[in-house]
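Chemist: Produce the entire structure from the sequences given, and follow the hints as far as they go.
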Amino acid sequence: MSGSALGSLFAQDIAQAWLTDFSRSLSTGDCQTATSAFLKEGWLRDILVFTWSNRSLFGTSKIMKYLEENLKRDTLSDFRLNDESHLAPYNNQSLPTAVSSGFTFRTPIAFGQGFVNLSQDESGNWKALTVLMMMKDLIGHEESGPEEGVYEGHTRAWVDVNEERRKAVEETPHVIILGGGQTGLNVAARFHQMKIPSIVLEREDRIGDHWRKRYPTLSLHTPKNHHSMLYKPYPATWPIFTPRDKLASWLEQYADSQDLVIWTRSTILPTPKYDYTSKKWTVVVSRNGEHLTFHPAHIVIACGTLGHPRIPSIINMQTFEGHIIHSAKYNGGNVFSGKQVVVVGAGNTAADICQDLVHCGAEVTMVQRSSTCVVPRPVSTANLDRMWPQEVPTDVSDLKFASLPLPLIYKLATSRAAHIAEITQSMQDGLKKAGMQVNLGPGGAGNFILVFNRFGGYWLDVGAAELIISGKIKIKQGVEPERLTKYSMIFNDGSSVQADAIIFATGYYYIRDIMKDTFGEETIELTAPVWGLDEEGEIQGSYRPSGHPGLWFAAGDFFSSRFSSKQLALEIKAIELGFMSL
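The sequence shown maps to residues 1 to 582 in the working numbering.
Possibly wrong hints are sitting among the right ones.
Each computed EDC-like pair below joins lysine to aspartate or glutamate, with the alpha-carbon atoms no more than 16 Å apart [to be verified]:
#1 K195 x D500
#2 K62 x E84
#3 K232 x D395
#4 K40 x D13
#5 K411 x E41
#6 K232 x E391
#7 K472 x E363
#8 K474 x E321
#9 K232 x D209
#10 K339 x D500
#11 K40 x E122
#12 K279 x E576
#13 K195 x E142
#14 K329 x E525
#15 K573 x E143
#16 K224 x D500
#17 K573 x E122
#18 K224 x D385
#19 K195 x E122
#20 K411 x E391
#21 K127 x E41
#22 K195 x E164
#23 K273 x E522
#24 K232 x D259
#25 K62 x D395
#26 K273 x E525
#27 K65 x E41
#28 K65 x E536
#29 K486 x D385
#30 K65 x D30
#31 K127 x D13
#32 K224 x E391
#33 K195 x E252
To be clear, the hints were calculated from the coordinates, so they are not data collected in a lab.
Modeler: Set out below in structure tokens:
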């Protein structure tokens, strides 16, 4: 028998022994024995199993208290190891001395799925470093899956069936999804599979236009397995880093292939009103200038994690005789050839734009106001490839990633800080010599946790760093733009730089503040903060109750909407069925 086969049997035995003891204690309501299945510094992550929320509990004392408050005898049953490919027990080389496995279980109302990462304690006993337990489907309301494709005994055409379904949704949508980007589309696709009638409202003329309008050289900085869409992986021949226009076309085709009901050139008008008695909204939608009134039970804000472009207030901006734009309006560097261009900002977009401007023949100065985490894209890609390997289905990788609470991922990443510093030292030293202030993220762990903490503050380098080191991109560091003259920018230290054009890559307003214009300050002030980590390391305010009934935020990257759209769909379905209340 091969070593790998022996390893699989070894992992199977360890995982089965652990699950047998753990499931028995949960089924009988024995909180103390259930807690003893964890390492002292272990984690329990719960998504809609013990409570109608998502929680991460660190350490046996918190796990014990949580189970004592929420575990009821005879409510969890039928625990089984998962025998599916990539989820059956295996020796996990990415974690210290770990055996990992998926498992399934049942509650009185739902099918559950879980994932456990086991390590040995100081006595050699196998205990849980992390346990994820999440609701997979409400019994009798599972995802519908693929249809046969033959309708009413082969007597009706698909086009007629689809049109009938579409009209029914358009007449009485249960949910309105605001925003037709990748987040809104992933949420809508999940709702469609869960039989939750939904309309997506998109301001632009076409799905994908918000990508088409960005700078032409844009490609996503994460590999395709990380940024794939729900239910629809990219073809094997697809580029590893998806270009702007290919992504835009893919999203448009995705909406069609998933049978989503989408209204373009449409949005919600101020101000929707919520009726606490009927538990429905009164919403006026502008569609191509026509005003239509609806009464959905839920509105999902899926317009992105960030709001409108932000340009800082600078004295005498109106006196500048050159070109001023926000990076959101940057359509390529050819029009700036031969000109002196100042780019304010030092994140991903700023770096990409500076690189493009140099290529197009501009003289470029980057204004860096504070320290930036700069990581070569290959370093980030290697980390993501370990978590979302090409040979593993994306939904499986999503589950495994979700089994690791974000504070633990950060801790594991900091253990590799010395390695990251070593392989990036030459680039970091060169950037510092050129005048930049750079870092390698919190704890030297790279950019990854910044995605969840700040959704910014870093760039994944694809060439701008070398242009800075060589002097082709000049750096103005540690100063703030204070005022403009006809042909220059003057900073708060009194220094200045000549400019024919200024591009502000200065980020975006907070989505929650932007939504006050539509929903009113009173409504939005009832909602929780959106994005960032709470005290347990869970994402705030997204895919979970917002604080206002019937109003939800969907934010984050591709993974967030792929994975957490299921939680959101289950919450809305559970409210409909009377299992959950707000």
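Chemist: Tell me the numbers of any earlier hints that the structure contravenes, in ascending order.
Modeler: 1, 2, 4, 8, 9, 14, 16, 17, 19, 20, 25, 29, 33
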